[in-house]
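Protein chains in written order, with my numbering: chain A, 1 to 592; chain B, 593 to 955.
Honestly, the hints are just simulated from the structure, not real lab data.
Mixed in with the good hints, there may be bad ones.
[Unchecked claim] If you anchor each label on the Cβ, the simulated ranges turn out as follows: (1) H791/B <-> A293/A: 42 to 50 Å; (2) R296/A <-> L833/B: 53 to 61 Å; (3) S173/A <-> G788/B: 47 to 55 Å.
[What the hints assert, rightly or not] Partner residues are not named here, just some residues of chain B that face chain A (Cβ under 7 Å, in silico): (4) V731; (5) H734; (6) I820.
Think of the CB as a built atom: it goes at the ideal place given N, C-alpha and C, for glycine as much as any other residue.
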Amino acid sequence: MRTDYLPPLRRLRILNAIIVALMGVLVGRLWQLQVLQGGQYLRLSEENRIRDYTITAPRGVIYDRKGRPLVSNRPSFTVAILPLELTRPEVVLPRLAAVLGMPVEEIRSRIEAARKRPFEPVRIRRDVGASVVARIEENRLDLPGVIILAEPVRHYLYGEMGAHLFGYLGEISEEELSQRRDQGYRLGDLIGKAGVERVYESVLRGVDGRLRMEVDALGRPLRVLQEIPALPGRPVILTVDLDLQKAAFEGLRASGQRSGAVVAMDPRNGEILAMESLPSYDPNLFAIGISAAQWRRLTSDPLRPMLSRAIGAAFEPGSVFKIVTATAALEEGIVSRTSTFYAPGFYRLGRWVFRDLRAWGTVNFIQGIQHSINVVFYTLGFRLGGETLAAYARKMGLGERTGVDLTGEVTGTIPSPSTKLQLVGEPWYPGDAVNMSIGQGAVTVTPLQVARMMAAVANGGTLLQPHVLLQAQDADRQPRPAPVVVQARGLYSPRTLAVLHEGLRAAVERGTGQASNLKHVAIAGKTGSAENPRGKPHAWFAGFGPLGAPRLVVVAFIEHGFRGGLTAAPIARRVLEAAFPTPEPEAQETPR
Amino acid sequence: MNRRMLRYVDWALVAATLGLLVGGGVILFSATRTFPDPWVFVKARVLHAALGLGVLVVFTAVDYQALGRLWRPLWVVTVALLATVDVIGRTAQGAQRWIPLGPLSFQPSELAKLLLVITLAKHLDGHRELTTLRQLVPVLVHAAIPILLIIQQPDMGTSMVVAAILAAMLFAAGTPLRWMGGLTAAGLAAAPFLWGALHDYQRRRLLVFLDPSLDPLGAGYALIQSKIAVGSGQLFGKGFLQGTQNLLHFIPEQHTDFIFTVIGEELGFAGALVMLALFAVWLWRAGAAAMQAKDRLGTLMAVGILTMIAFHLFINVGMTVGLAPVTGIPLPFISHGGSALLAMLAGTGLLLNIGMRRKKILF
């Protein structure tokens, strides 16, 4: 064999050079990726494998004054989506919609709404059942990006009862979020929207915990890297007495009326023992995120079930206002308990005639209160004049907010000759003072204002700020009783009070308010049937007891209830019975 | 073969090959440790390596000139194997690349690359120089038929490898540069037609190569995740068996096509340099074999094998760091896959074969 072969060295060297160059490119690229940008990629790989889950802290439990829970929490599962891990929404969302039984569009719009914060889970449905959880867990591989969160759900133990008092929760709005971001609120958090839930939000809200998990490429949690437990919200003890609240609720329900309110209050300290409004709504609906249809139904209902008629709306007080007229007349010295009036069934002022229920003949002042005789109060009202009446009404707490620690309180209206034009857009007529003396005209008050006024009558002339908080915990979890706030003292002279008490007692014992009378406790009170331009008269009853050492004020109000003595007083009686149970064992209410 | 030839065995090439084989096995262990059966891939690797070393010895021992003389039947076998895949091959990853063989299956396209190196080398060796179309066209047809069959499977990566081998061997065989240029131009002109023939997933892969953010959760996912894996290894890596991208399965195909990400992530830039150094030694010795070969056939075979390994290396590593589109090309000696490993070791055997027969044997 001859060795005459000469390899194509030139071309082989070119091939070698190409390979060396490509090797150089690889090394350069690796240097760039691993050394120059390595830190950045390391961070990305950490973000890949670490998931932070929020452990939602349970809200503080709301108790009644005797420590019975009214609002608590129960465990639940929430279906949520991690937007960044939702790799195939066109496949996953219809599947999820089928499992949850909700329209795909609703899921999409929820994800869309949270677009600004793609790292946080978007809650699709709260409080799903065990079967839904099981179906999602089983199909985990087919539902990438869908997660189940274990979250406590607010539980209103008594449903519609006390709804307006306790309030409700809702997802935090953009506005609230921007105001409270420094307090640790995040998108999708539930926040108190009304009532105690809102007023004591900062107490009730807990501190969410955090669970840092290592996950694999499918988002399956593998191990816990770090866990910060959630700190539950602090409990709140309300002044509410569950038994009285139940009596108020059931009394309103049993009345067969469509709308009304009951307020029960301790006249010694302003503690609200019961506050109920009819019709009501179930705040549990809000606890899991109310659906659009349910929200529409609630807000378009002409009876406005979400409105608290105890504080959120003002009504003509009718004859309940006669307490103001009587007090003013007694304080101004234009009447005494023995003053007599001739009541022919009408009262004439110039060309106006003011009517009465019937002709009573000659009566004294106590009888005037007892039978709510209009002519007696027309006479006094005219003599007092509008300014004086309005001044007393304001002094007694009508036409201004009580300052109760609840949301949505309105002021009501107490017109006077100097303010009527501004308040109601009409001039003051001389007859207005006559009309006002029996609580008609443009006068409107809330049931809670009436209760506060009645409490001041009952307790000897001290105007107290009504409140629903009995005790909460401060930031160090030390109990802090709510203070008693005195708004005014010595409103009435003892003589005035004595006459008022006698008259109000007479009304319950043998007058208009007999339907609220109890055998074993001396109750005093006043009924009202307030004519109004929208329908039948409103029915009122405002009373307290026991006479001498009053511990309870009750105001019952039925919108368009026709006659206070017929519809309102029996409801008040139920609350009174609950507060002062009949001593006989067989008559005691059996627990249900 | 005799004792004198053994003196000419290129031990550096053997050492580099064994280094890649053993190192690759260790990396494969890390890549498959969290799989349902963590040992099945390592066991397969040991089996493939043992079988492959046997094949290596055979390909070293048999005179490559004898192999070359069989080029016509070998070509027929190659084409027949590839055609068989098209007919009876079973579907894997949306592509037909496998022939079931009892409990095993093998991938003819991997073997076809090596066989084509042998047959093309002999075919080209038949012409002193390629100066006429009468000489060039049969060579092109020789390569085109297998390439078309591989495209048909479809396996873009392997057909690109074969095209690269063909180009390098034509170059080494002395094809005039104007013809090389003409062939390149023809290839570019055919690109739009090729684009039309591609499957959707292949087009997506090419598009996301240009811009991974086009589809970060779909086709771009593998590319993004593999860059994260390699980059996060930094200078010295997260440590063996410590790669989170690897262990938590963020990398698809981490034991086959994307096995380099395990090296990059767990052993860092330093580990990647060690691997590249082993390949550099291997390629240097392959280049030496091409230059020292006693005849043109040896040179051309060595160039073909050299190109095969080099192209695999650059495309595979390039793919994981975003320099090359995602194609199913394994990393030689390291990725899981028996057919490819056997072909690579057989090729290494051929290089040793050429190297130790470089000097005239004197009796």
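Outcome of the hint check:
no. : hint                          : result
1   : H791/B <-> A293/A: 42 to 50 Å : 47 Å, holds
2   : R296/A <-> L833/B: 53 to 61 Å : 58 Å, holds
3   : S173/A <-> G788/B: 47 to 55 Å : 54 Å, holds
4   : V731                          : 16 Å, violated
5   : H734                          : 20 Å, violated
6   : I820                          : 5 Å, holds
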